[in-house]
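Chemist: Listed below are the residues making up each chain.
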Amino acid sequence: MTVFRTVRMPRFLRRSLRSPRLAVGAIGLLIFLIVAIAPGAFTSQNPATQNLRARFQPPVWLEEGTAGNPLGTDRLGRDLWSRTLYASRVSITVGLSSVLISGLVGVALGVIAGYFSGLAGTIIMRIADVQLGIPPLLLVIAVAGILGPSLRNVIIILAISGWVIYARTARGLVLSLKENDFIQGARALGASHFRVIVKHLVPNILVPLTVIASQQMALMILRESTLSFLGIGVPPDIPTWGSMIADGRVVIEYAWWVSAIPGLALLTAVLCINFLGDGLRDVLDQRLRM
Amino acid sequence: MFSYTLRRLLEGVFVIVGVSVVVFLLLHLSPGDPAQLMLREGASAEEVARVRTNLGLDRPLPEQYGTFVWRALQGDLGASFHYRQSAIEVVIDFLPETLYLSLAALVLSIIVSLPLGILSALRRDSVWDLLGTTFAVLGQAMPPFWLGIVLIFVFAVRLGWFPTSGSGTFSHLILPAVTLSAYQTALFTRLVRSGLLEVLGQDYVRTAHSKGLHQLRVVWKHAMRNTLIPLITVMGIQLGALIAGAIVVETVFAWPGVGRLLILAISSRDYPVIQAGVLLISVLVVLVNIVVDVLYAFIDPRIAYS
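As you go down the protein sequences, you meet chains A and B in turn.
According to numbering that gives the first Met the number 0, the first sequence holds residues 0 to 289 in order.
According to numbering that gives the first Met the number 0, the second sequence holds residues 0 to 305 in order.
No wet-lab data here; the hints were simulated from the structure.
Errors might be hidden in some of the hints.
Unchecked claim - If we take Cβ atoms under 10 angstroms as the criterion, some of the chain A residues that face chain B in the derived model are:
no.	residue
1	LEU95
2	SER96
3	TYR114
4	PHE115
5	GLY117
6	GLY120
7	LEU136
8	GLY144
9	GLY147
10	GLY189
11	ALA190
12	HIS192
13	PHE193
14	ASP236
15	ALA245
16	LEU263
Claimed, not checked - Stretches of chain A that chain B covers, calculated by requiring three or more beta carbons in the stretch to come under 8 angstroms of a beta carbon on chain B:
no.	stretch
17	34-48
18	99-111
19	121-129
20	172-181
As the list claims (entries may be wrong) - Taking beta-carbon pairs under 10 angstroms as the criterion, some of the chain A residues facing chain B (in silico):
no.	residue
21	LEU28
22	PRO134
23	VAL197
24	THR209
25	ILE231
26	PRO235
27	ARG248
28	LEU266
Where is the CB? At the ideal position from N, CA and C, for every residue including glycine.
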C-alpha cells in the first residue's frame, strides 16, 4: 500500500511566494549578481576602450544612435552599456563585503556586550554612542578623502561606518534572550559560554540581523557611489556608477544619457535590495514591521 | 526634567570628546607627513623638521591630543593652508548657507509629507495612497546626487525655470532644497501614514467619529496630535542627517556652504579646514539632537524621564 503524503514546501518558501516584493527584489538582485560576476557575457565591448571619433553618441532609440553602442557613449567615446555592466562589480563587491565585515564585527561586539555586560560591554556601547553622534556620511567622506581613492579603503571605511546598528540590535536581542530558561538550562548543564553563544544565542538572533543586513547593503551601495561621485572612492580607472554619474554632470546640457544611465542602474539596484529587505522583514519577522 | 536635561548634556559632552579624538586622528590618517604638506615641494629636511617642531608633531600622541583639545577649546584649529585664515573662522563663514539650505529642506519635507501622508492614510488603497507609497519607496532609494542632476536637466536645462547652480536668490534655493529633502520627505510620508493608520483604529478616534465630529476635525484635533509627537523626534534627528547630506547636494549645485568647502578642502589637502568642518558639523548635530530630546520631554506629558 502506498502512503500518500502531501508534499509541503518549507514554510519560508511558501511565505516568500506571498510577498511579491521579496520575489521582485530577490530576482533583481540575482540579475545584478550574475552581471557583476560575468559582465563580459552581456557585451562584446571593452569598457575602457576609447573611441574619440564616437564621443557622446546618443542611445540607439534617439536620432543618430547606433546599435553598436546601444546606450550611447561618454566624453571619451567609451561604450556606456558595457561600462554600466562592469561598474556593477564595484557596487556589488563593496556592498556585499562591507555588509559582511560590519555584520560580523558588529554582531560579535554586540553579543559580547550583551552577554558579558561588564566593562568591555560598556566600552563597546560607549564607542557606538560616539559613532552615532557623528553623521556617518560626514565621517565616511572625511576619512575617505584623506586616505585617497582605493577599493580596499572604501570597503574598510564603509564597514566601520556600519557596525553600530548590528552591535546595538544584537546586544538588545541577547539581553532579552539570555534570561530565558533554555539559556540558563544550557549553562546549568555545563555548557561553556562559547557554546551557549554559538549554539543557542546566535541562531536565535540571526533572523532580525539578516533583515538589517539586507537594508544595510542598499545603504552601503549608496555610500560607495557617493564617494565615487565625489572622486574619493575607488580609483578613477575602474568604472563605477558614482564616477560615471559625475562624468555626466559636466555634460548634462548636451549629453544627458551619460549620467542618466548609470543613475538608473544604481537606482534599480538600490530599489531591488530595498524590496528584498522589506520582503524579508515581512516574511521572516512580523515584529519588525513598520 | 532638570536632571534629564543635565544627563543628556553630559552624554553630549561625552560624544563630543569622542568626536574630538576622531577629528584629531584624521590628521594622522593622512598618507603623507602633514609638515611636508604645509611646505612647498622640495623643501629641505631641516625646514620640514622645523615645521614638525612648530606643529608639535614630534611630541608623543597623547600630548599632541592634549594640545589639540586645549587649542580647540579656544577656537583654534590652526590656519587654513588655502585661505590663510583661522580654519574655524573659514568654516563659520560658510556655515549659514548650509544651515539655510538644510532648514529649507526640512521645512519643505514637512510641508509635502504631512498632507501626502494624511491623504494616503485616510484614502487607503486610493490613487493618493499609491502616489504616497510610491513616492516613499522611490525617495528612499534615490541617490541624492543623481536626483540633483536629473532635476537640473529637467527644470534648469530643458524648462529653464531655475538656475542650474549657484546661490543668491530664492529660485537658486528650490532645486537644491528639493534634492536634499527627497529622502526625508519619503521617510516622513511613510511615518505619518503608518502612524495615522495605527491611531485611526483606536477607540477614542472611533468615539470622536461617533459623536458626529467632522472628519477633518477628528484627524487634526484627535488623531494627528498623537501621530505628531513621535514624528518630532524623527524630524529633529533628520535635521542632523540633512546637514550632513548637504555636503553632497552642495557639491552638485555649487552651493557655497560647508559641504562644498569640505570637498574643496579634501581635494586641496587643507587639513585644518577638514578638521574644523567635521568638528563643527558634528558638534552642531549633537546639540540639535539634545535640544530635540529635551523638547520631546516637554511636549509629551506621558513621558517621565527619571
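Chemist: Please flag the earlier hints that this structure goes against, numbers listed from lowest up.
Modeler: Numbers 1, 2, 3, 4, 5, 6, 10, 11, 12, 13, 14, 17, 18, 20, 21, 23, 24, 26 - these are the hints that the structure violates, sorted from lowest upward.
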